[in-house]
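Visitor: Residue-level listing of the chains:
2 protein chains.
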Amino acid sequence: MRATVIHGPNDVRVEEVPDAAVRTPTDAVVRVVLACICGSDLWAYRGVAQRQPGQRIGHEFLGVVEAVGAEVGSVRVGDLVVAPFVWSDGTCDFCREGLHTSCPDGGFWGSVGSDGGQGEAVRVPYADGTLVRLPAEAAGDERLLTALLALSDVLATGHHAALAARVRPGATVAVVGDGAVGLCGVLAAKRLGAERIIALGRHTARTDIARSFGATDVVAERGEAAIAAVRELTRGHGAHAVLEAVGTEDSMRTAISIARDGGAVGYVGVPHGGSAGVDIGQMFNRNVALAGGVAPARAYIPELLADVLAGTIDPSPVFDRSVTLDGVPDGYRAMDERTALKVRITF
Amino acid sequence: MRATVIHGPNDVRVEEVPDAAVRTPTDAVVRVVLACICGSDLWAYRGVAQRQPGQRIGHEFLGVVEAVGAEVGSVRVGDLVVAPFVWSDGTCDFCREGLHTSCPDGGFWGSVGSDGGQGEAVRVPYADGTLVRLPAEAAGDERLLTALLALSDVLATGHHAALAARVRPGATVAVVGDGAVGLCGVLAAKRLGAERIIALGRHTARTDIARSFGATDVVAERGEAAIAAVRELTRGHGAHAVLEAVGTEDSMRTAISIARDGGAVGYVGVPHGGSAGVDIGQMFNRNVALAGGVAPARAYIPELLADVLAGTIDPSPVFDRSVTLDGVPDGYRAMDERTALKVRITF
Numbered sequence: 001m002r003a004t005v006i007h008g009p010n011d012v013r014v015e016e017v018p019d020a021a022v023r024t025p026t027d028a029v030v031r032v033v034l035a036c037i038c039g040s041d042l043w044a045y046r047g048v049a050q051r052q053p054g055q056r057i058g059h060e061f062l063g064v065v066e067a068v069g070a071e072v073g074s075v076r077v078g079d080l081v082v083a084p085f086v087w088s089d090g091t092c093d094f095c096r097e098g099l100h101t102s103c104p105d106g107g108f109w110g111s112v113g114s115d116g117g118q119g120e121a122v123r124v125p126y127a128d129g130t131l132v133r134l135p136a137e138a139a140g141d142e143r144l145l146t147a148l149l150a151l152s153d154v155l156a157t158g159h160h161a162a163l164a165a166r167v168r169p170g171a172t173v174a175v176v177g178d179g180a181v182g183l184c185g186v187l188a189a190k191r192l193g194a195e196r197i198i199a200l201g202r203h204t205a206r207t208d209i210a211r212s213f214g215a216t217d218v219v220a221e222r223g224e225a226a227i228a229a230v231r232e233l234t235r236g237h238g239a240h241a242v243l244e245a246v247g248t249e250d251s252m253r254t255a256i257s258i259a260r261d262g263g264a265v266g267y268v269g270v271p272h273g274g275s276a277g278v279d280i281g282q283m284f285n286r287n288v289a290l291a292g293g294v295a296p297a298r299a300y301i302p303e304l305l306a307d308v309l310a311g312t313i314d315p316s317p318v319f320d321r322s323v324t325l326d327g328v329p330d331g332y333r334a335m336d337e338r339t340a341l342k343v344r345i346t347f
Numbered sequence: 001m002r003a004t005v006i007h008g009p010n011d012v013r014v015e016e017v018p019d020a021a022v023r024t025p026t027d028a029v030v031r032v033v034l035a036c037i038c039g040s041d042l043w044a045y046r047g048v049a050q051r052q053p054g055q056r057i058g059h060e061f062l063g064v065v066e067a068v069g070a071e072v073g074s075v076r077v078g079d080l081v082v083a084p085f086v087w088s089d090g091t092c093d094f095c096r097e098g099l100h101t102s103c104p105d106g107g108f109w110g111s112v113g114s115d116g117g118q119g120e121a122v123r124v125p126y127a128d129g130t131l132v133r134l135p136a137e138a139a140g141d142e143r144l145l146t147a148l149l150a151l152s153d154v155l156a157t158g159h160h161a162a163l164a165a166r167v168r169p170g171a172t173v174a175v176v177g178d179g180a181v182g183l184c185g186v187l188a189a190k191r192l193g194a195e196r197i198i199a200l201g202r203h204t205a206r207t208d209i210a211r212s213f214g215a216t217d218v219v220a221e222r223g224e225a226a227i228a229a230v231r232e233l234t235r236g237h238g239a240h241a242v243l244e245a246v247g248t249e250d251s252m253r254t255a256i257s258i259a260r261d262g263g264a265v266g267y268v269g270v271p272h273g274g275s276a277g278v279d280i281g282q283m284f285n286r287n288v289a290l291a292g293g294v295a296p297a298r299a300y301i302p303e304l305l306a307d308v309l310a311g312t313i314d315p316s317p318v319f320d321r322s323v324t325l326d327g328v329p330d331g332y333r334a335m336d337e338r339t340a341l342k343v344r345i346t347f
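Taken in order, these protein sequences are the chains called F and W. Quick note on numbering: the first sequence equals residues 1 to 347 in UniProt numbering. Quick note on numbering: the second sequence equals residues 1 to 347 in UniProt numbering.
Looking at chain F on its own, in the form it has when it is part of the complex:
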C-alpha cells in the first residue's frame, strides 16, 4: 500500500510500505476514505519535534473497516468508522474515566512501528476501544464526511480546551490561535453556551470562519496590544475562559494575561515554548488556573458526533484545501506557508 513517510525536516514522501494487516485478535484494518494534515504535524515537518527517518505520519482519518481480528466485537467489515488521534484499549481505569490519552496500552498514529493516518490503510490496535462507528449514509455526503473527520482531532481538541477553560453558559471567552483547533474552540465554546467569544487572529479568511462559528469579536493585534484590546472589550477584566490553541511561549503569555481573575486557561496547543510563557506570579495573584493538555478525543466523539449529525455544529469549513495522497507533500508546504488552513486528503 502507499502511505506518507517523514524522512526529515521538510521531507515527507508518499511511498510504498507494507500492507496494513491484522496482527493481534484485537486489531482491525481500516481502509482510509478521508484523512488530513494537522497543524501539529508541522512541528515534525519543521524539525522541531523529532522523528526517526522513515516514520509514518498523520493521525486523523476515517474510513471503512476492511478486516477485524477474532476478538473485535464493536465494528464489522464494511462499517464506516472514525478514529481518534490516539488508540486506547477502552478497558483500563483511565479509559473508563474518559482520559483515553493516558491509557497504558495507548499510542499515537505514526509512532515507530505503527501506521499513520496519511496512507491508504491503517492497522488499528484495540479496535473496540478506539474506533467509533459512523452512519453508513454519511459515506455519500462529502460535506458531512468532512465534518466528521474533524472529530478525529481538531473538534475534540477545541472541545477539550473549552472544557478545561471552564466555559459555561453566559461566559466571556477568548480564543488564542486562529488555526483549525482555535476555530473549533470557538465552535465548542459557542456550543457550551458562551455569550461572548473573542477570537484572536489576523488572517481575515480565518477570522471570518471564527465569526461564522460564533465569535462576537475579533482582535487582530498581537502581544501587549492584543492584551490591551481584550481588556478594553471586557471592562478591563479579561475573559472568564481562555482557550490557548497555539503552544508557543508568546501565545501562553497572552492567554494568561487576558484571563479574568479567577478564570482559567484551557491549553491544547502542543507546548513548544517550555514553561517560559507560564507566568506563575501573575497566575497566583489573580487566581488564574491552567488546565488542558492532549485531548482525550475518544471520550468526546460520541457526544460531538451526535451534534454534527444533527447539524447543530459543522466544523467542515476549517478544511479549505483538498489533495489526493500524491499531493500530501504539497499539502504540507501549503500549511507550512500558511496558504492553507487545513488540508484534507481524499482517496
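In case anyone wonders, no lab produced these hints; they're calculated from the structure. For every residue, glycine included, the Cβ atom is placed at its ideal position computed from N, Cα and C. Every clue listed holds true.
Reference excerpt, derived from the structure (chain W facing chain F, CB under 7 Å, subset only):
| # | residue |
| --- | --- |
| 1 | Leu99 |
| 2 | Asp261 |
| 3 | Ala291 |
| 4 | Gly293 |
The hints should help you fit chain W onto chain F, whose structure is shown.
Guide: For chain W alone, coordinates are given in the frame of chain F:
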C-alpha cells in the same frame, strides 16, 4: 501604640507607631487580641520579598472592635471579630463572586500606609466587607480563640488549595509542605472527604500533627525519592489532588510529578521559584491542571467558622509557640530556624 515594623532582612522591631484611627466612614479600628507570624512573613524577613524599611508586618489577627466609622453597619464597638489576610470592599463584582483577593479596593495588611496585624491595633478599611463577627463567648476560650485565628489565613489557604486541587469524597490526596498551611491543607482535604491523604514532610513533630489532622501516610523523602514513594503508594498512578503549600521550584516540580494523570495541583505557596518548576510538557501529556493562588479567605471564613465552632475541625495545633508583642523578633527567629512551626502573639 506599639506594632511590629520591618526595617530590613532579619530586622523586625517592635516600636511606637501612630495610633490606629478611623479615617474614612467605612473604617473600623480593631484592638488586637491574638495575632501570629506567617511562613510567608519569612520571605520578607529573609529579604527575598522586598519591603520598604519601616513597613508594618503581620496579616493575621482577631480582636475587639474599638471604633467604627459612620457608615459601618455589620460590626459594632465591642464585637469580637476576625480579619482575613486582605481587606476588601465586599460590594464589587469580585467580592460578590467570592474572589475577594481581586477586589479593586482591596489591600494587604502591612502594605505601605496600612497597619499590620502584629501590633496592638489595626485600622480596618471597608470594615463591612472585611471583618467577620465571632461569638463573644469565644473570648474566654483560649484553645477556641487560637483555632479561630487560623481562619485569618492558614486554614482558609489550606482550604483554597484543597478546592483548587479538586479534592472530592474518596479522592487520594497528597500534600507537599508540612508548614502550617500544608497541615491545614490536610485538615481541609479530610473535611472535603478525601479517603487517603499522603503528607510529604520530614519533621516528625509536624507529620504527627498531619496524622492527627487526617493524613493516612507520611512520605519523608524529597525530590525524586518522594515522587517514587508517592507513586508506590498509589499503584504507580499518583494522587488525584495535590496541594502545593511551599512555593519553591522543587516543591512545584514534586507536586506536578506526583499528580495522577487527569488530576490537579492546587498551589497556595507564594511562588518564589518563578515558573521553573512548572513542567508544562509533563502537564500537557498527562492532563495535570494547575490552579490556586492567593486564597480569598473572606469567602471561606463563614463556612469554616461554623465547623470550627462545631468542633468538627480544630486547626489550633499548628500554633506551637506563643510570644507577647515584645517577643515577636524572637518568634521570627524561631520560625526562620524552624524551631517553631507557627508562633502565636498574645496581647
